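Turn these sequences into a full structure, and let the hints steer you where they fit.
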Amino acid sequence: MINSIILSYTTFIYFAAFFLYLLCMVMGRTGFGRLATLATLVGLIAQSLAIVLRWIESYQLGIGHAPFSNLYESLIFFTWTIIFLYMIVEWRTKNRTLGTFVTPLAFLAMAYASFSPGISSKIQPLVPALKSNWLISHVITCFFGYAAFGLSFALSIMYLLKQRDTPEKKNLFLRLIPEQSILDELNYQMIVIGFLMLTLGIITGSVWAHSAWGSYWSWDPKETWSLITWLIYASMIHSRMVRGWKGRKIAYLSFIGFCCVLFTYFGVNYLAGLHSYAK
Amino acid sequence: MKRQFSKSRPVIWAFFSSVKLTVALLIILAMASVVGTLIPQTEGVAEFAKGLSPAVRKLFVFFDLFDVYHSLWFRILMGALTLNIVICSLDRFQGTWKRFTARPRPDREKPFQDIPGEQTFVIDSPPADMAERVHDYLAAKYRKMRAKEVGTEGYFYAERGGYSLFGVYLVHMSVLCILVGGLVGSFLGFEAYVNIVEGESVNTVVSRKERSPIELGFEVRCDNFTVDFYENGTPKEYRTEVTFSADGKRMKQEAIRVNHPAVFQGVTFYQSNYGTVPGNTVHLSISSQGGGPGARHMKVEPGKPYSLPGGEGTFSITDLRTNIMDIGPAAMVSVKPEHGQGIRFWVFKYQDRAKKILPGPMLNSPKFNASAFEPYTFTLAGLDTRYYTGLQANKDPGVPVVWIGFFLMVAGLFVTFFISHRRIWVKVSQQAQGLVVSVAGTSNKNPVGLQREVNTLTLSLKNLLQGDRQV
Numbered sequence: 065m066i067n068s069i070i071l072s073y074t075t076f077i078y079f080a081a082f083f084l085y086l087l088c089m090v091m092g093r094t095g096f097g098r099l100a101t102l103a104t105l106v107g108l109i110a111q112s113l114a115i116v117l118r119w120i121e122s123y124q125l126g127i128g129h130a131p132f133s134n135l136y137e138s139l140i141f142f143t144w145t146i147i148f149l150y151m152i153v154e155w156r157t158k159n160r161t162l163g164t165f166v167t168p169l170a171f172l173a174m175a176y177a178s179f180s181p182g183i184s185s186k187i188q189p190l191v192p193a194l195k196s197n198w199l200i201s202h203v204i205t206c207f208f209g210y211a212a213f214g215l216s217f218a219l220s221i222m223y224l225l226k227q228r229d230t231p232e233k234k235n236l237f238l239r240l241i242p243e244q245s246i247l248d249e250l251n252y253q254m255i256v257i258g259f260l261m262l263t264l265g266i267i268t269g270s271v272w273a274h275s276a277w278g279s280y281w282s283w284d285p286k287e288t289w290s291l292i293t294w295l296i297y298a299s300m301i302h303s304r305m306v307r308g309w310k311g312r313k314i315a316y317l318s319f320i321g322f323c324c325v326l327f328t329y330f331g332v333n334y335l336a337g338l339h340s341y342a343k
Numbered sequence: 004m005k006r007q008f009s010k011s012r013p014v015i016w017a018f019f020s021s022v023k024l025t026v027a028l029l030i031i032l033a034m035a036s037v038v039g040t041l042i043p044q045t046e047g048v049a050e051f052a053k054g055l056s057p058a059v060r061k062l063f064v065f066f067d068l069f070d071v072y073h074s075l076w077f078r079i080l081m082g083a084l085t086l087n088i089v090i091c092s093l094d095r096f097q098g099t100w101k102r103f104t105a106r107p108r109p110d111r112e113k114p115f116q117d118i119p120g121e122q123t124f125v126i127d128s129p130p131a132d133m134a135e136r137v138h139d140y141l142a143a144k145y146r147k148m149r150a151k152e153v154g155t156e157g158y159f160y161a162e163r164g165g166y167s168l169f170g171v172y173l174v175h176m177s178v179l180c181i182l183v184g185g186l187v188g189s190f191l192g193f194e195a196y197v198n199i200v201e202g203e204s205v206n207t208v209v210s211r212k213e214r215s216p217i218e219l220g221f222e223v224r225c226d227n228f229t230v231d232f233y234e235n236g237t238p239k240e241y242r243t244e245v246t247f248s249a250d251g252k253r254m255k256q257e258a259i260r261v262n263h264p265a266v267f268q269g270v271t272f273y274q275s276n277y278g279t280v281p282g283n284t285v286h287l288s289i290s291s292q293g294g295g296p297g298a299r300h301m302k303v304e305p306g307k308p309y310s311l312p313g314g315e316g317t318f319s320i321t322d323l324r325t326n327i328m329d330i331g332p333a334a335m336v337s338v339k340p341e342h343g344q345g346i347r348f349w350v351f352k353y354q355d356r357a358k359k360i361l362p363g364p365m366l367n368s369p370k371f372n373a374s375a376f377e378p379y380t381f382t383l384a385g386l387d388t389r390y391y392t393g394l395q396a397n398k399d400p401g402v403p404v405v406w407i408g409f410f411l412m413v414a415g416l417f418v419t420f421f422i423s424h425r426r427i428w429v430k431v432s433q434q435a436q437g438l439v440v441s442v443a444g445t446s447n448k449n450p451v452g453l454q455r456e457v458n459t460l461t462l463s464l465k466n467l468l469q470g471d472r473q474v
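Read top to bottom, the protein sequences are chains A and B. Mind the numbering: the first sequence is residues 65 to 343 in my numbering, read in order. Mind the numbering: the second sequence is residues 4 to 474 in my numbering, read in order.
Everything labelled a hint here was simulated from the structure, so no lab data went into it. Values in this document were obtained by computation on a predicted structure and should not be read as measured data. A couple of the hints might just be wrong.
Stated by the list, open to error - Straight-line Cα separation of at most 25 Å, DSS-like style, residue types lysine-lysine; simulated pairs:
#, chain 1, residue 1, chain 2, residue 2
1, B, K465, B, K144
2, B, K101, B, K465
3, B, K448, A, K158
4, A, K313, B, K302
5, B, K398, A, K195
6, B, K239, A, K195
7, B, K147, B, K339
8, B, K113, B, K147
9, B, K53, B, K101
10, A, K313, B, K23
11, A, K310, B, K448
12, A, K310, B, K23
13, B, K339, B, K113
14, B, K307, B, K358
15, A, K313, A, K226
16, B, K147, B, K398
17, B, K101, B, K151
18, A, K186, B, K239
To be verified - To give a feel for the contact side, a few chain B residues facing chain A, derived at Cβ under 8 Å:
#, residue
19, T25
20, S128
21, P130
22, V261
What the hints assert, rightly or not - Derived Cβ-Cβ restraints for the label pairs, each shown as a range:
#, chain 1, residue 1, chain 2, residue 2, range
23, B, I79, A, I183, 54 to 60 Å
24, A, F76, B, T388, 53 to 59 Å
25, A, F76, B, W76, 48 to 54 Å
26, B, T229, A, N197, 19 to 25 Å
27, A, N197, B, F96, 38 to 44 Å
28, A, I109, B, W76, 30 to 36 Å
29, B, V183, A, N197, 24 to 30 Å
30, B, P450, A, L225, 45 to 51 Å
31, A, M65, B, F96, 58 to 64 Å
32, A, N197, B, K113, 50 to 56 Å
Virtual Cβ for every residue (Gly too), placed ideally from N, Cα, C.
Pasting the structure below:
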């Protein structure tokens with residue numbers, strides 16, 4: 065179970081990365097920022113390695129399947145997508161401030177997966193319903209959607225914090241956060257990517273459900289909550305594209321949207337339904 | 004009448020063409036869906052309803068809160084959204100079409116106002132075929148392009164991605180497609196199930212909604228059912244081998260597994276559950292107290308009479324269960340003595356478990372006393388069982404329409420979000436310091452991408468026109 069050991073170390077690496085990103089913003093030294101990026105990158109590589117090892121290990125156990133089959137594995141993959149997406153954004157925008165707000169999400173998800181007593185890190189065999197080629201495409205699209213919405217949530221927090229920044233205030237932390245217009249644009253881009261991915265996730269899930277359960281839509285709680293999330297983000301995109309909503313309104317809506325995402329991901333486990341293997 | 008109609012139309016039209024309505028409907032639908040996930044739907048309704056006061060229960064029933072997604076008001080909301088989508092699209096299509104077909108004059112000055120300095124450059128000794136080069140370069144890069152010469156000045160206009168203006172309509176059409184597919188399925192299709200015992204055939208299935216039989220028009224035979232387990236005891240695979248036959252002819256043999264349904268004449272069969280039914284052999288042992296004929300093991304066929312060991316009469320098995328009240332297999336033995344009253348009682352395979360589970364008064368009644376007919380004590384040694392497979396049988400002619408909708412939605416979203424309508428203007432004018440070239444552009448989205456494109460274009464044109472370098 066070398067993979068679980070690497071993964072629990074990754075939890076600490078992401079925490080270190082968060083600490084370094086924070087230090088970089090508080091002290092204003094790029095040196096810490098570079099270290100933070102390095103730590104995140106090391107974490108991402110280690111995590112990718114662990115996921116691949118876990119995949120190989122499952123084949124050695126004779127129950128080979130992609131490591132996307134239970135809550136532990138999904139949390140690991142969720143963290144991976146969020147860090148992967150963040151690294152792309154950091155590389156494209158050449159700005160590290162978002163890291164301070166994203167790495168805690170990754171750290172929390174990893175800590176929950178590694179240390180929660182209710183979550184088993186054992187590799188379990190696939191139940192018949194999950195034995196499908198749709199598993200990989202469904203999980204990847206859904207989690208990229210979740211991750212993009214997670215980034216949008218972090219950007220919204222930054223947007224609302226930046227509001228408190230005024231030229232006469234000498235707050236380094238706030239001053240380092242990019243301009244509100246940039247945050248708003250990036251936030252919208254994340255929402256768009258998340259929406260497209262969520263759409264793909266619902267569609268792949270729907271096509272899969274058609275061959276596994278006999279119906280492409282059966283109002284199972286997880287299906288319904290993903291639709292609720294989709295509807296919330298759809299209304300957000302409409303209010304922006306047609307009615308020109310920007311800034312604070314979008315930031316607040318993104319909060320609501322991400323709450324729906326979290327409920328779709330975790331909350332639904334408390335309601336009975338067909339997705340019960342995700343518990 | 005006519006006047007009233009024409010008067011009222013704009014009001015309704017304005018109402019349904021508003022995006023405010025769209026946003027409101029999307030949020031209301033989201034909230035209604037939330038309600039549906041918090042209140043039990045179809046399953047568990049009875050228990051939940053018990054805990055409600057009669058008045059509240061009445062209210063719940065009135066508003067269909069136990070079946071939100073199929074209620075009239077939910078459908079009205081969906082209908083309103085559909086109308087909203089259709090009218091919004093019709094309302095805006097003309098404008099989009101105008102923008103798509105618009106051919107702006109190449110010699111417009113407005114795009115060049117306020118362009119940053121780096122979008123203009125000067126060439127000292129321009130090549131003679133300068134205009135041709137620019138023309139060819141732009142024509143190769145952009146599908147639509149126009150050029151115009153005004154005196155010594157040359158103007159070029161090029162655009163791309165105009166079709167992205169229709170992405171939104173594609174997305175909206177896809178939503179309609181999915182809704183229509185759903186409607187087609189609910190009117191022309193059915194959702195049913197059927198249990199088939201190994202070796203038996205059926206030609207009807209039971210509708211889930213109306214609980215009534217549906218004629219298939221063909222026969223399904225369950226040839227074999229198997230269930231495999233992993234080492235840790237969790238199920239690995241369920242597999243049903245079926246034969247479809249029509250008009251007495253065998254047409255198709257297939258194995259149904261979870262995620263691998265079988266289709267025959269438009270009906271799709273899914274592996275859904277399984278169970279066991281009693282087979283044709285019951286293993287009974289009969290012992291007798293106090294000097295009877297002794298213990299005896301018998302293989303018994305249900306329903307057939309057998310004589311008792313001492314010849315006092317006959318007995319038969321009149322009921323068989325593979326699992327009754329979680330006690331395990333049970334058989335009902337009916338004894339018919341030659342003289343006197345007949346008697347019936349249950350015999351369990353696991354008597355000890357029965358004693359733990361069944362309440363005292365029940366155990367004391369002769370109905371559960373395996374020694375009720377003296378001097379014999381009946382014991383159920385075993386029961387042959389047969390598997391039955393539980394298949395979900397669905398017919399949904401709307402599915403292809405829904406799939407088309409899915410495809411259109413992804414294509415539409417992609418075009419809407421990631422492809423922008425970009426317009427580029429290039430002005431070339433002969434001035435005192437040489438040939439002055441300016442590049443300007445507009446885009447309906449993604450300003451960063453546009454800036455990148457304009458910058459590359461400026462650089463390429465500069466390279467193209469500098470010196471006599473051949474391209």
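Verification of the hints:
1. K465/B <-> K144/B: Between K465/B and K144/B the Cα gap is close to 16 Å, so the pair holds against 25 Å.
2. K101/B <-> K465/B: 34 Å, violated
3. K448/B <-> K158/A: Cα-Cα ~22 Å, so holds.
4. K313/A <-> K302/B: 78 Å, violated
5. K398/B <-> K195/A: Holds, at about 23 Å.
6. K239/B <-> K195/A: Distance of about 9 Å is within 25 Å: holds.
7. K147/B <-> K339/B: With a Cα-Cα distance of about 97 Å, the restraint between K147/B and K339/B is violated, given a limit of 25 Å.
8. K113/B <-> K147/B: 20 Å, holds
9. K53/B <-> K101/B: 61 Å, violated
10. K313/A <-> K23/B: 15 Å, holds
11. K310/A <-> K448/B: 15 Å, holds
12. K310/A <-> K23/B: 16 Å, holds
13. K339/B <-> K113/B: With Cα atoms ~108 Å apart, K339/B and K113/B exceed 25 Å; violated.
14. K307/B <-> K358/B: Outside the cut-off at roughly 29 Å; violated.
15. K313/A <-> K226/A: 14 Å, holds
16. K147/B <-> K398/B: Between K147/B and K398/B the Cα gap is close to 48 Å, so the pair fails against 25 Å, i.e. violated.
17. K101/B <-> K151/B: OK: K101/B and K151/B at ~22 Å, within 25 Å.
18. K186/A <-> K239/B: 17 Å, holds
19. T25: 6 Å, holds
20. S128: Given a least distance of 39 Å, the restraint on S128/B is violated.
21. P130: Check failed: Cβ of P130/B comes no nearer than 38 Å to chain A, outside 8 Å.
22. V261: For V261/B, the interface hint holds, since the closest Cβ of chain A sits about 4 Å away, which is under 8 Å.
23. I79/B <-> I183/A: 54 to 60 Å: 43 Å, violated
24. F76/A <-> T388/B: 53 to 59 Å: 54 Å, holds
25. F76/A <-> W76/B: 48 to 54 Å: For F76/A and W76/B the Cβ distance comes to about 52 Å; the hint holds.
26. T229/B <-> N197/A: 19 to 25 Å: Holds, since T229/B and N197/A (Cβ atoms, about 23 Å apart) stay within the stated range.
27. N197/A <-> F96/B: 38 to 44 Å: 39 Å, holds
28. I109/A <-> W76/B: 30 to 36 Å: 53 Å, violated
29. V183/B <-> N197/A: 24 to 30 Å: At 28 Å between Cβs, range holds.
30. P450/B <-> L225/A: 45 to 51 Å: At roughly 25 Å between Cβ atoms, L225/A and P450/B fall outside 45 to 51 Å, so the hint is violated.
31. M65/A <-> F96/B: 58 to 64 Å: Since the Cβ atoms of M65/A and F96/B sit about 59 Å apart, the hinted range of 58 to 64 Å holds.
32. N197/A <-> K113/B: 50 to 56 Å: Distance hint for N197/A, K113/B holds at roughly 54 Å.
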